[in-house]
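Visitor: Sequence:
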Amino acid sequence: MSEKEPPKVYQAHVFTGEYIGQSYADPDPMVPGNWLIPGMAFTEAPPIAEKGFAAVHIPGGKEIWSLLPDLRGTVYQTDTGQPVQWEKFGELPEGLTSMPRPGPYHFWKEGEWKLDAAAQTEGQKVQAFAKRDQLLGDAAIRISPLQDAVDLGDATTAEEAELKKWKQYRVAVNRVDQQPGFPRAVSWPPAPEPTP
217 MSEKEPPKVY
227 QAHVFTGEYI
237 GQSYADPDPM
247 VPGNWLIPGM
257 AFTEAPPIAE
267 KGFAAVHIPG
277 GKEIWSLLPD
287 LRGTVYQTDT
297 GQPVQWEKFG
307 ELPEGLTSMP
317 RPGPYHFWKE
327 GEWKLDAAAQ
337 TEGQKVQAFA
347 KRDQLLGDAA
357 IRISPLQDAV
367 DLGDATTAEE
377 AELKKWKQYR
387 VAVNRVDQQP
397 GFPRAVSWPP
407 APEPTP
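Counting along the sequence shown from 1, when you hit position 191 you're at 407 in my numbering, and nothing is skipped either side.
In case anyone wonders, no lab produced these hints; they're calculated from the structure. Since the structure is predicted, the reported quantities are computational estimates derived from the model, not experimental observations. Incorrect hints may have been included.
Below, in silico cross-link-like pairs of lysine-lysine (BS3-like), each with a Cα-Cα straight-line distance of 25 angstroms or less [claimed, not checked]: (1) Lys-383 x Lys-347; (2) Lys-304 x Lys-278; (3) Lys-267 x Lys-304; (4) Lys-330 x Lys-341; (5) Lys-383 x Lys-341; (6) Lys-347 x Lys-381; (7) Lys-278 x Lys-224; (8) Lys-278 x Lys-267; (9) Lys-347 x Lys-380.
Required output: the full structure, derived from the provided sequences and hints.
Guide: Here it is as structure tokens:
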């Protein structure tokens, strides 16, 4: 390299130490032939970082550059599955993982998310019974005035037929827990079509 060719320098981010690019040293205006290296820049090239890693300068380290895992971004708490932002280089500490929680019935054990099948089944039951109760309430609203007309002897043939359909529907909805796929696969009966 001649005196006129400035040496390449490799710049590290001032706060994170991450390699951010290369540039050239500046000529020293006081000492001809001398080159000024900017702060957080080094003449030694960083190692090539594969995907998931970053070349990082760690002040006081044995080497100028170290290859560290780069897991910055969204990571997940292993106790709740909640996402958090991670801003550091290196391995994640205990209690964090880069794997998102697959669902609300998964828990962290032995380095992976595991399904709690019993909790999942219980949760599906709660959801199915809540939907059942909502549908039963909707059916009761439809049945009540039709039943009043029958009780008063004032129901038309169409109203009596509609009342029967709604009562059959209500019985079917109430029995969904007797289906073989309950609570994972529930076949909800269709509500009766309104009589014109």
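Visitor: Could you run down the list of hints and mark each one as holding or not?
Guide: Against the structure, the hints come out as follows:
Between the alpha carbons of Lys-383 and Lys-347 the distance comes to roughly 17 angstroms, so the proposed pair stays at or under 25 angstroms and holds. For the given pair, Lys-304 sits about 20 angstroms from Lys-278 by alpha-carbon distance, which is consistent with the 25 angstroms threshold. In summary, the hint linking Lys-267 to Lys-304 is supported, as the alpha carbons are separated by about 16 angstroms, within the 25 angstroms threshold. Restraint check for Lys-330 and Lys-341: the C-alpha separation of about 20 angstroms stays at or below 25 angstroms, so the hint holds.
Only pairs whose Cα atoms come within 25 angstroms are accepted, and Lys-383 paired with Lys-341 is accepted, the gap being roughly 24 angstroms. The hinted pair formed by Lys-347 and Lys-381 meets the criterion: a straight-line CA distance of about 20 angstroms does not exceed 25 angstroms. As the CA atoms of Lys-278 and Lys-224 are separated by approximately 22 angstroms, the hinted pair is consistent with the 25 angstroms bound. Taken as a hint, the Lys-278 and Lys-267 pair is honoured in the structure, with Cα atoms around 24 angstroms apart against an allowance of 25 angstroms.
Among the hinted pairs, Lys-347 with Lys-380 is consistent with the structure: their alpha-carbon atoms are about 22 angstroms apart, no more than 25 angstroms.
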